[in-house]
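Asker: Sequence order for the protein chains is A and B.
Note that the working numbering has the first sequence beginning at 1, numbered continuously upward.
Note that the working numbering has the second sequence beginning at 396, numbered continuously upward.
Keep in mind that the hints were calculated from the coordinates and are not lab data.
C-beta: ideal position from N, C-alpha, C; glycine also.
Accuracy of the hints is not assured; some may be wrong.
To be verified - A few chain A residues facing chain B, derived, Cβ under 10 Å: (1) S149; (2) R262; (3) Q290; (4) Q295.
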Amino acid sequence: MSTTTKEELRHRADALLAAHPPHSTTPQEFLAARFDAGLAWVHYPAGLGGLGLPRAWQTDVDAWLEAAGAAPYQRRRNPIGLGMAAPTILRFGTPDQQRRFLRPLWLGEEIWCQLFSEPGAGSDLAAVATRAVRDGDTWRVTGQKVWTSNAQHAQFAILLARTDPDAPKHQGLTYFVCDMRAPGVDVRPLRQLTGEAEFNEVFLDDVPVPDGYRLGAVGEGWRVAMATLNNERVSIGGDPLPRGGGMIGVVVGEWRARPELRTAELHDRLMQSWVAAEAHRLTGLRLRQQLASGQPGPEGATMKLGFARLTQALSGLEIELLGSDGLRYDDWSPQRPEVVDFNGRGPGYRYLRAKGNSIEGGTSEILRTVIAERVLGLPAEPRTDKNTPWKDVPR
Amino acid sequence: MTDLLYNDTEIALRDSVRAMLDKRLTAADIMALYDAPYPRPAQLWAALSDELGVSALLVPESAGGHGTRAREAAVVLEELGRRVAPVPFLTSAVVATRCLTAVGDMAWLPRLAGGEATAALCVPLVAYASTWNATVRPERAGLVGEVRGVADAATGVLIVPVRTDDAVHLHAVDPGADGVSVTPVLSLDMSRPLADVAFDGVQSRPIRSGVEAQRAVDDALTAGAALLASEQLGLAEWCLDTTVKHLRDRYQFGRPLGSFQALKHRLADLLVDITASRAVARYAADCLATNSDDTAVAASLAQAYCATVAVRAAEECIQLLGGIGMTWEHPAHLYLKRAKADQLAFGTPALHRTRLAELVDVPAAC
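Only chain A is shown next, with the shape it has when bound in the complex:
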């Protein structure tokens, strides 16, 4: 445990600002200096952008730097890198890997994507069939990955691949970092029901991955991947919204602006959604208070289920509310959006995109099973695949 006080942290931030005044430093230079001063993510170790301090203190650092004119850090620029790759590298990476990957990741110079899901391995992620075969100090990787956001921009990917088909499914996996510019990597846009292509399919054909890019031991990939996915569920909780923010704000705004659309039945349904949205918002607020005070609760697991239910009900209601106007769509062209905003664009887009909220990052069905087993302590369903060699599991 570090003995640094908040006052000393403040001095450190002041020293950074004095040496690199935000108004006369380029944003990228400032970020680099900030990383080197340990003020990027203070809960990371010294030398890796942090100071080994409580995570909650980062909020203070961000506020001090922004108050002095520094541009707010753009978390959305590298969401997979920050939310999933970095904590995994910190926990399972070698010192060399940590030094190599974390700084450019945080600076946004190297964007990351995630090569986990496959056409045959979605909810059943441990069924991953992409093969990695050892060839001296290099692994040769062949297979197909899907639902990969940012693959078209990414320098690196976190990759889950099968290294031992004779072992039971959870035991034959290994976790790698994959260079997305390596020969044999083919990224193709995956068009979805909204018309746009937010995600990609990634085809891997004999792609070389150095053994030095392996995270964790051979055969330990499942354990490493679970740590990554726990980070995903925490990061999907999202930022705090004010009352009436988010999708409920969009729909209530339309309701207020267009009195001619109002009926008694729609009014009660809208208020049911308002109540659900406010209950969800307060649940998120309570979750943050619990995390800040170190008292864990089931909120983290339940938030995502509640969110999907809410956005789907609201976006469906919105189309009915708008009547004929709700049947007009803004753009079916296969766009490649840089930033995904569930509340952006038109009502048709919101309705269609919300369908993904109960699928991406763990389907609502899988989350219910996780909650039932891990929070409520209900027994697992009998399984036939757990102890069978992967190559013998029916598929």
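Fit chain B to the known structure of chain A by using the hints.
Answerer: For chain B alone, coordinates are given in the frame of chain A:
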């Protein structure tokens, strides 16, 4: 800053109330109230008041109480809801106490604080803030009128809203006074029994009149709606815990019932809603405790959300317990009856959604 967690004082109070209820209340005690409702045993309420001081939680310090400790009162209600405890905490120590506090009464509050007396606001249990009606009128011979469906009215002083042509007045009436008849009603929920109260020329004097009296009743009913959410939370939690335990223990088809996905998923959904109920109920309690400008919204949100979740939890409990849930012997029915009655108490969810729409400017259809 709103605090939605539980502090150490609140956790200690919870433990004390829970321990006392474990020691002094059985489900059989509550079931007995359905067969022989009166006279109601008063020992449990006396112990909660004397030993734990719960009756004084919302009484101002100037009247011998602990001040407005709404967050602690909410924690007490969670525990009372967990046991569907047949005590007049919500009706007397919350609603009537808030009403008397709002009008600055010094005659009854010290006695309520000490638990020597209880009080009931003489409005229907289903009445809610800003739309309740005073149905009792002053005639030459005294108060005349009837109020149907008043909760916990059979003992204790009645705080009666009285209407004249131009104002509302609050009178305190002894239920034993000449001309008062309190007729117990066989209630859906006998753990919080209703009574019809009739006044036929009852002598009394107002303790407050006019806008202050009106506001005091509104404040009391808002507090009732806000804190009832904590009772509903505790009740829902008991239903979930009981159902989980049953599904873990009971085997059919050679497997624990809880290993079937169809049942697991129902309980996971219920946990999602109960988890949100906790945030909503804590928010309502915190608003009341801090006298927040948002209290009216928080109270209506609390009833619009938590009432429905409690009913669903009780209904899921009955269904997933199977035949056992339909028996008199298993206590699940006590929770269903309380949950359903609570859903109407202080205004139904639909009424509170209508109220919320006004408060947060989501205008109704013309």
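Asker: Go through the hint on S149 of chain A and say holds or violated, using the shortest Cβ distance to chain B against 10 Å.
Answerer: violated (26 Å)
Asker: Is the shortest C-beta separation between R262 of chain A and chain B less than 10 Å?
Answerer: holds (4 Å)
Asker: With 10 Å as the cut and Cβ atoms as the points, is Q290 of chain A at the interface with chain B?
Answerer: holds (7 Å)
Asker: Does Q295 of chain A pass the interface hint, meaning its C-beta sits closer than 10 Å to a C-beta of chain B?
Answerer: holds (7 Å)
Taken one by one, the earlier hints fail for this structure only at number 1.
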